[in-house]
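Below are the chains, spelled out letter by letter.
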Amino acid sequence: MSWSINIVCSHRRPIRWGTKILLVFAFVALGLAQDANLHAPEAPVAGSPAAIGTEGSGSATLYLVGPSSAVKHDIELGKSVSLSAQELQSAGRYVATICSSKCNSVTFFVAPAKPANVTFLVHPSRAPVAPNDAVSGVALAFDEFHNLVLTPIAVQFQLTAKGSALMSRNAETRDGIAWFRTSSGRSAGPLQVTAFLSGDVIARRIVQQVASDPCSLRIKGQKTAKGIVVETEPVRDCSGNPVPDGTVVTFTAKSGNQTSSVDAPVKQDVARATILAKGPVVISAASGVAMGNEVRIGGGN
Amino acid sequence: MKRALPIIAIIVVGTVVLMILGLTTGRSSGTVGIAAGSALPGFSQNASTPEQALNNFLLDMRRRNWGRAFASIERTSDTLNEQTFVQEWSGSNGGLRSFSNLEGFETRPLHATDSDAQMRVHLHWTTPVGPVQDVRDFHMVRRGDSWKVVWDENPKPNVPAQIVPVNYLRWDLVTGNSNDEWGSRNVDAPHVRIVSMNAIDSAEGAIVMGEVVNEDTIPAFVNVNAILLDGSGGTIDEESSFDKILHVLLPKQVTPYRIDFPRVSLSKVKNVRMDVKATLVPASSDPVIGVMNQKIDTDAQGHPSLHGELFNQSGETVNIPHVIASFYDNNGKVVWVSDGYVEKALLPQSTEAFALEIPQSLAGKVQNFHVVVNQYSLQPS
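Going line by line, the protein sequences match chains A and B.
Residue numbers for the first sequence follow this note's numbering, beginning at 1 and rising by one.
Residue numbers for the second sequence follow this note's numbering, beginning at 1 and rising by one.
Rather than coming from a laboratory, the hints here were simulated on the basis of the structure.
For clarity, every value in this text was computed on a predicted model and none was experimentally measured.
Some clues are possibly wrong.
[As the list claims (entries may be wrong)] Derived Cβ-Cβ restraints for the label pairs, each shown as a range:
| # | chain 1 | residue 1 | chain 2 | residue 2 | range |
| --- | --- | --- | --- | --- | --- |
| 1 | A | 92 | B | 275 | 35 to 43 Å |
| 2 | B | 92 | A | 298 | 29 to 37 Å |
| 3 | A | 279 | B | 166 | 24 to 32 Å |
| 4 | A | 152 | B | 274 | 43 to 51 Å |
| 5 | B | 353 | A | 234 | 31 to 39 Å |
| 6 | A | 270 | B | 198 | 29 to 37 Å |
| 7 | A | 183 | B | 277 | 27 to 35 Å |
| 8 | A | 293 | B | 92 | 38 to 46 Å |
| 9 | B | 357 | A | 296 | 29 to 37 Å |
| 10 | A | 84 | B | 277 | 26 to 34 Å |
| 11 | A | 279 | B | 357 | 25 to 33 Å |
| 12 | A | 270 | B | 274 | 31 to 39 Å |
| 13 | B | 240 | A | 84 | 55 to 63 Å |
We put the CB at the ideal spot given by N, CA and C, even for glycine.
Produce the complete structure using the sequences and hints provided.
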């Protein structure tokens, strides 16, 4: 007779009562450890079958307690006990205890399998063009059973924009983690960031490179029947990228001791507003840290 | 039956007597308000004084007795009809006034002769955004034995039919779901920053105010919270900016914020912990509302205030405009933040006046100001 209880920690399922009782029993048995010899499997790997060697004769009970599972088998002493791949899916420390008239135990570690997945976090999702160290990424290597692969693994980070490679950097995981940090490019648009693990494990993320603050503002205005229509020339950052639509440009018109102002969003590179003014006015514009030129309209000018 | 008839007759006569007594003895002769006035139409006193005439008029308006009120005014323009008169008073197009009720009023004579008079009225409105006080001057004229309210407000000319081209600019939000791989579809929250903060004491309590800027390239829904801490690090009070902030900030847009702590003295406060929260929201850049002819002046009561006009540059109606202004001293420090709702809807390509009060004690310090307009529309843009 054999039975097993699996505890899947990654799904945060609570440990069942049966498992708790089994664990208590295993540790009590461990305290009563006797001289029945056990041989731990050699270099077991997660998800691969392994065997525990036993000495002696007669029947006994095997208790195997791992990071996320606990199993119990009735065994025959003197034969090796097979552990299935399913019983060894979690990497980490295992305790095998055999009890007949007396108990004995052995401890062994199950190593992660080869990398099968990469979790890739890239920050930020939007990065302004040009600043140094604006984009960073972290890759974590996991095997197919979601064990973090702790052995060093070669990782290649690649950044491409508009089909051309901007940067390629080789790194090696340390304690399962590799990372990079780099400057953003000079032009706005999507930046594809790729992490290659062992060649065939790939993760891709997209960072939107967006225009930086407006660099300079040039405005022009003209009188109409309704008022003064004032608009900017195409608003760009210092790298020549058009600022995103919606960027607010504040137009301010001063006439004597009266002030008029409009927060106008950039639409298709240009912000436009109508100012109701009768006399001569001085109109200026600002957006973020950028100030525009002044325009005098009316009053004969 | 024979016994019932005298009883019914006594009840009817008694009721009529009590009604007449109530109508003729309950009226105060001084300041007019909610308690003043007749209870039934047709029983009001003759408007033999300007106060009585105005009182009768305002009571009719308060009771929405539009026909009688319209009949009692002296029109200066033939274009004014009852419908436009009612709309002028009770609001239209989903403006704040159309959700408001006149709760009470106080009248005060400014000037009077035998033939005309100038009256000032403090109107107390109940509105969905709280009580609103309004001051309005009325011109009264004597016609025969009675006085009449001169209604000299002409209806606004309608904006001519036109097509307003709009390059519709809006942001939608697509979110991931729980099945997505971790980190595969993350979108960062907008980056906003508090650029200034100032805390002052007022008669009502402590006030924390300043400005916030959206430094990102996408719109942000912004709220500012403040926690007042005492000397031991304990929390005295925690409040948020609530409606005293422009919540949806477009990229590079700056908004004032103000957080009121009623009945808290700043002398007890050792530290203020500020926290600005920004979240991604679907947003639209329309409508664009200009703030024209801003000027600090004194209002009819002699209080310093910022006056100006809102100009709706778009093609959609703004039902309830909300004006928020930050006032700076000569060092560029925010010394006051004030806000107010405009009672009338802001129609496309139209203007509407606004005024924000400035405390007398701060009026001398104010060197500059920045006005933003929040908008509430019944139809989502």
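query: Quick check: which numbered hints come out false for this structure?
result: 10
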